[in-house]
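Student: Based on the hints, put chain X in the right spot on chain H.
Chain by chain, the residues run as shown.
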Amino acid sequence: MTMRETWVVGAASNRFGKMKESAREAATRVSMEAIRSSGLEPKDIGHTFVSNAFGISEHQAHVGPLINGGLGIPEVPSATIESACSSSSAALHEAFVHVAGGFEDAVLVVGAEKLSHLDTLAATSYFAIGADYPFESKNGATFPGLYATLATAYEHTFPTRPEMLGAIAIKAHANGARNPHAHFQKEITMETYLNSPMIASPLRLYDCCPFSDGAAAVVVASKEFMKKPAQEPLVIRASVRTGSITEMQDRPDLLGLPSTRAAAAKAFRQAHMEPKDIDFLEVHDCFTIAEILALEDMGFFPRGTAGKESLEGVTTRDGKLPVNPSGGLKAKGHPVSASGASQVVEVFEQVNGLAKSRAVPKNDVALTHNVGATGGSCSVHIFSRR
Amino acid sequence: MSAEELPTAPHTIHDWFHGYEEEGKLRGFTCPNCGLRTATWGLACQRCGKADLIEVELSGRGTVVAFTILAVPGDDFLNDAPYAYVVVELDGGGRITGWMPTVREASQMAIGDRVHYVPSYKPGVQFAKDSDARSAP
Chain H
1 MTMRETWVVG AASNRFGKMK ESAREAATRV SMEAIRSSGL EPKDIGHTFV SNAFGISEHQ
61 AHVGPLINGG LGIPEVPSAT IESACSSSSA ALHEAFVHVA GGFEDAVLVV GAEKLSHLDT
121 LAATSYFAIG ADYPFESKNG ATFPGLYATL ATAYEHTFPT RPEMLGAIAI KAHANGARNP
181 HAHFQKEITM ETYLNSPMIA SPLRLYDCCP FSDGAAAVVV ASKEFMKKPA QEPLVIRASV
241 RTGSITEMQD RPDLLGLPST RAAAAKAFRQ AHMEPKDIDF LEVHDCFTIA EILALEDMGF
301 FPRGTAGKES LEGVTTRDGK LPVNPSGGLK AKGHPVSASG ASQVVEVFEQ VNGLAKSRAV
361 PKNDVALTHN VGATGGSCSV HIFSRR
Chain X
1 MSAEELPTAP HTIHDWFHGY EEEGKLRGFT CPNCGLRTAT WGLACQRCGK ADLIEVELSG
61 RGTVVAFTIL AVPGDDFLND APYAYVVVEL DGGGRITGWM PTVREASQMA IGDRVHYVPS
121 YKPGVQFAKD SDARSAP
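So the protein lines, in turn, are chains H and X. First residue of the first sequence? That's 1 in our numbering, and the numbers climb one at a time after it. First residue of the second sequence? That's 1 in our numbering, and the numbers climb one at a time after it.
Any given hint might turn out to be false.
What the hints assert, rightly or not - With the C-beta cut set under 10 Å, the calculated list includes, among others, these residues of chain X facing chain H:
#1 Asp-76
#2 Pro-82
#3 Val-86
#4 Val-125
#5 Lys-129
As the list claims (entries may be wrong) - Calculated from the model, a selection of chain X residues having no Cβ within reach of chain H, i.e. all distances over 12 Å:
#6 Glu-22
#7 Glu-23
#8 Ala-71
Source of the hints: derived by calculation from the structure; they are not laboratory data. Beta carbons are placed, not taken as given, at the ideal position from N, Cα and C, and that holds for glycine.
Bound-form chain H, shown alone (with noise of 0.2 Å):
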């Protein structure tokens, strides 16, 4: 089959944390703004591929006719895309088949998400109905649960110091601080760190990315409809999603996401390129362990040595691999329905030289992986310069 070369041309987020408006406005608002970055019009929009897993949450479903409707183009075809917290990354997707295969020109993909009108029970809940919910969420599983789970198989096998996982929830909050699409953008020490409260052992208050609030677009246009990208526009050069077991129960091995490794092999496959051609990475780091298991299982690192290099700076901004120069779903925060749009914002950032202060060294090959809940979905990207 031949396919189109398709670009990411515009980007745009908002500021991850507290929204005072609706998940629909927000989500309206960073449409309009990726679309306009791109230097396209609304009008020039073919499809759009729409995120909100909890919109039930705001009353509110089929939110999609209702964006376009705001950006007004209510004739223009919109799809809800749920993927858990990997939704915006599956509607990215969805934009690049539609792209790729020559059924539209140029598609929006945006992703929103509301939770701060809920209490800390409440979005749990919400978060947990994510996993099977009457073979896990049923039996007390909660999100942190399930991750903390997958923590205590892989430390009795390998060793890990607590100080490895503070120093990716360091790591993070470090790159936070310079992001100003930041939930978080404050530093922390690795006493913060290890004084914070366990939450689900062996994770503490710190190793869990929040509760956050936020909206994420990014437009989605074939090469040729693009005669002149108003920004230097990422090749997409791998779109791949895979799924595998959703359940722990039935995982013969728990050192890692099966959904993840699959992703990551056809994605290298695709673009025709090795762990070691990716210059950054957007991992799903929801939960401080997801990280380690996302670069093992990507190939970055061998397993069981992710903790160490994490500990050593390997990771870090000016490291030799950066990974969530953004501050990652830990520090930036993690709007479900946003985070996987919201790792392409930051890309587009990176090499269009807005990253500022969070600048990584080279940026001329990206690669962005974004889980549903605990490994029943992923999808990983790789984008390169023109």
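Tutor: What follows is chain X alone, placed relative to chain H:
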């Protein structure tokens, strides 16, 4: 394929809940093709894809393969935190997840610990440590 040939599940998710809540029994499936045993509901085996699942009763005894102590609970467990959430490898095969109200600190539990299912009026599949005298199997 005619309607008669469509695979059916030996029991429903409702039957699963009824099994551990009312009958003191952990209903599960086994795949005669690959031997997988599981509590998870489906029409076909998650491992090999064959749609020949048959009903089994899973053992209520097993070994902890992964766990956490949850300080911040889900809403069904509001008054029970901290508690352990466990993945248990059951004797005779199959893994299951559950929770343990009597294990409240990480120091009370290790991977490899022996546990058993305890029928309870509370929600969820509940386990206790074999070494916990108050609920010996």
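Student: It remains to establish, for every hint, whether it holds in the given structure.
Tutor: Verification of the supplied hints:
no., hint, in the structure
1, Asp-76, "holds, 7 Å"
2, Pro-82, "holds, 8 Å"
3, Val-86, "holds, 8 Å"
4, Val-125, "holds, 5 Å"
5, Lys-129, "violated, 16 Å"
6, Glu-22, "holds, 15 Å"
7, Glu-23, "holds, 16 Å"
8, Ala-71, "violated, 6 Å"
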